[in-house]
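Trainee: So the sequences go chain by chain: A and B. For the first sequence, the numbering used here gives the first residue as 55, with consecutive numbering after it. For the second sequence, the numbering used here gives the first residue as 808, with consecutive numbering after it.
Derived from the structure by calculation, the hints contain no laboratory data. Treat the hints with caution; some may be incorrect.
[Said to hold, decoys possible] Partial list, computed: chain B residues near chain A (C-beta under 7 Å):
id, residue
1, Ile838
2, Phe852
3, Thr877
4, Val947
5, Leu964
6, Gln1067
7, Ser1098
8, Ile1101
[As the list claims (entries may be wrong)] If we take Cβ atoms under 7 Å as the criterion, some of the chain B residues that face chain A in the derived model are:
id, residue
9, Tyr853
10, Met955
11, Ala985
[Stated by the list, open to error] Label-pair restraints from in silico Cβ distances:
id, chain 1, residue 1, chain 2, residue 2, range
12, B, Asn895, A, Gly295, 22 to 28 Å
13, B, Tyr1018, A, Ser232, 38 to 44 Å
14, A, Val321, B, Ile933, 20 to 26 Å
15, B, Gly973, A, Val321, 36 to 42 Å
Yeah, the Cβ is synthetic: ideal placement off N, Cα and C, and Gly gets one too.
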Amino acid sequence: MSNQTLIRESRVSRTVVMALMFVLAIYFLLPIYFLIVAATKPQGDLASTNGLAFSHFQLFKNLGTLFSQSNGIFLQWALNSVIYAVLGAVVGTLLSALCGYALAKFTFRGREFLFSVILGGVLVPTTALALPLFLLFSATGIVNTYLAVFLPSIVSPFGVYLARIFAAAAVPEEILESARLDGAGEFRTFFSVAIKLMAPSLVTIFLFQFVAIWNNFFLPMVMLQKESLFPITLGLYEWNGQTSRVPLLQESVITGSLVSIVPVIIVFILLQRFWRTGLAAGSLK
Amino acid sequence: MTDIATRATRVVAATGGRRRLNGGGPRAGTIAAFLIPFFLPFVLFYLVPIGYALWQSFLVVRRTGGQYGTSYTTFGGFEQYVQVFQNNEFWSSIGRIGLFGIVQVPVMLFVALIMALLLDTPLLKIKSFFRITAFMPYAVPGVIAAIMWSFLYSPQLSPLIDLLNGIGLHPDFLGPGAVLWSAANVSTWLWTGYNMLIMFSALQAIPQELYEAAKLDGASNWAIAWKIKVPIIAPSIILTTVFSIIGTLQLYAEPAVLRQISSNISSTFTPNMLAYAVASGNNYQQAAAISVVIALITFVLSFGFMRLTSKRAGL
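Here chain A stands alone, though its shape is the one from the complex (with noise of 0.2 Å):
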């Protein structure tokens, strides 16, 4: 009997679970439905027609609209973006492996207190840089050029903080010595047998800088007034601020908005395995 209706309670508790999940899941997906759904409409239909349904299946077209749209800047912001997502997240990776490996592995004075400044700079909050950089920058000329998004980007020290402990937990001290004992300097051990032992967890710090520098808005804003060098992020925004203006750009802004958003939606559900270490890592004391 008691049995029963410790079944029937988890049968119970199994639905609301579940229920309570479903409708999570809706509300994480509605937004990114709706985009998928406006993305293929023609402009007229996305006020008179319900914005839930498909109706006439344009995608293609608005696709062509928005590559073109003011002699394919689009395509200008898109390569813009990927030049400083991924460039930034190469080089950002490999200051935050070399200077984590060395607080990891190499033991000199005034270490934890290296460690502790970076710690600092986690907390740090990015966007009060920003304006004091701007000035800086406009100082020496760089403001307005690819350098002013590009150079603040590779810092990262929640990159080094997690090296540091994937260093720690992913190179042993055994294959350092052996190395040193055949006469390997310090910098061949590093890129020719460290670097490969610690390659799964520099994956999750290249993601991890990857989406901050692709989602960065605030530094490009204050940074940059030539259109050209404008990441995706700032150029949907200035189009999104002409929309009552030139109504016709909602159609682009939307479609825009979709197709920046894909490939990285993509990458993310290819690589989820890392994202995981390293907020697993990120979260330990």
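Starting from the structure of chain A, add chain B where the hints point.
Mentor: Same frame as chain A, but now just chain B:
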């Protein structure tokens, strides 16, 4: 014991000669070569701007000879800070963001925690589907998330408003009272899954044996979740809270996008928007002072929260 031992090696290392800082390790020059590639840009693009903002915040621009005289910059002490604290717009932006944070951060983290706990029970099927859908918004830039939601808030385009009208509700997502919560919803949508995954990863790291004894004693899933799991992952919850506090105080992109379609968001809606608006008016010294105050509030709140919770949890 080990502490004394490491201290001893450190003393040996410190007195062991100039060329090598420790026994068999690499030379100081080599170590520096590993560190400098990171620390040089870190100093240039993190520490120098902080110092520069501090310095700027103590300067004032004065004019000689009235409106048409020449202007010059001079040391002004705390004058800029006095102005910040006398600025009503500053206080209302802080008030808004405070209200936002007090409601949005707990709601978001509570939902994230519930999701993480449910994903960690056998009650749930198709877990990876739920995990991925919740985490997906993290891949979406804040600006684009706000653009997406602004379509769902817009009276002309929103299918949500159509649905709600159908059941007799007439929400105005962009109205003066609601727009702050519409912005809060965008943040919640963006970050719940990320925070959930941090907590979930921590839950996964707990060895199963810890629950076995409790299960044998007849403890319910509910009791195990709240009495065993939540206390163990407390450090992750603290971490996500600190990151959320930092994020809230930096809020810019989401309200800036909503401002494009709502007249109820002013150009000084959040402290960060205020700083940018002041800087756009070429008053860099005042903007620097605002930035410094925001950063200080961030530090005080995040460190304060960490101290408070670590004391109470006895960590």
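Trainee: Run every hint past the structure and note whether it holds.
Mentor: Hints versus structure:
With its C-beta approaching chain A no nearer than about 5 Å, B/Ile838 sits inside the 7 Å limit, and its interface hint holds. The criterion of a C-beta within 7 Å of any C-beta in chain A is met by B/Phe852, whose closest approach is roughly 4 Å, and the hint holds. Contact between B/Thr877 and chain A, as hinted, is not supported at the beta carbon level, the nearest pair being about 21 Å apart and thus beyond 7 Å. Checking B/Val947 against chain A: minimum C-beta separation of about 5 Å stays under 7 Å; hint holds.
Hint status for B/Leu964 relative to chain A: holds, with the closest Cβ pair at about 6 Å, below 7 Å. With its C-beta approaching chain A no nearer than about 5 Å, B/Gln1067 sits inside the 7 Å limit, and its interface hint holds. Checking B/Ser1098 against chain A by beta carbon gives a least distance of about 5 Å; that is within 7 Å, so the hint holds. Restraint check, B/Ile1101 versus chain A: the minimum CB separation of about 6 Å is within 7 Å; hint holds.
Taken as an interface hint, B/Tyr853 checks out: its beta carbon lies about 6 Å from the nearest beta carbon of chain A, inside 7 Å. Hint on B/Met955 holds. Least Cβ distance to chain A is approximately 4 Å, under the 7 Å limit. Interface hint at B/Ala985: violated, since its Cβ lies 18 Å from the closest Cβ of chain A, which is beyond the 7 Å cut-off. Take B/Asn895 and A/Gly295: their Cβ atoms lie about 27 Å apart, and the range 22 to 28 Å holds.
The hinted window of 38 to 44 Å between B/Tyr1018 and A/Ser232 holds, with their beta carbons roughly 42 Å apart. Separation of A/Val321 from B/Ile933 is about 22 Å and conforms to the stated range, judged on CB atoms against 20 to 26 Å. Hint check: B/Gly973 to A/Val321, Cβ distance near 38 Å, so the stated range 36 to 42 Å holds.
In the structure shown, a violation is registered for the earlier hints numbered 3, 11, in ascending order.
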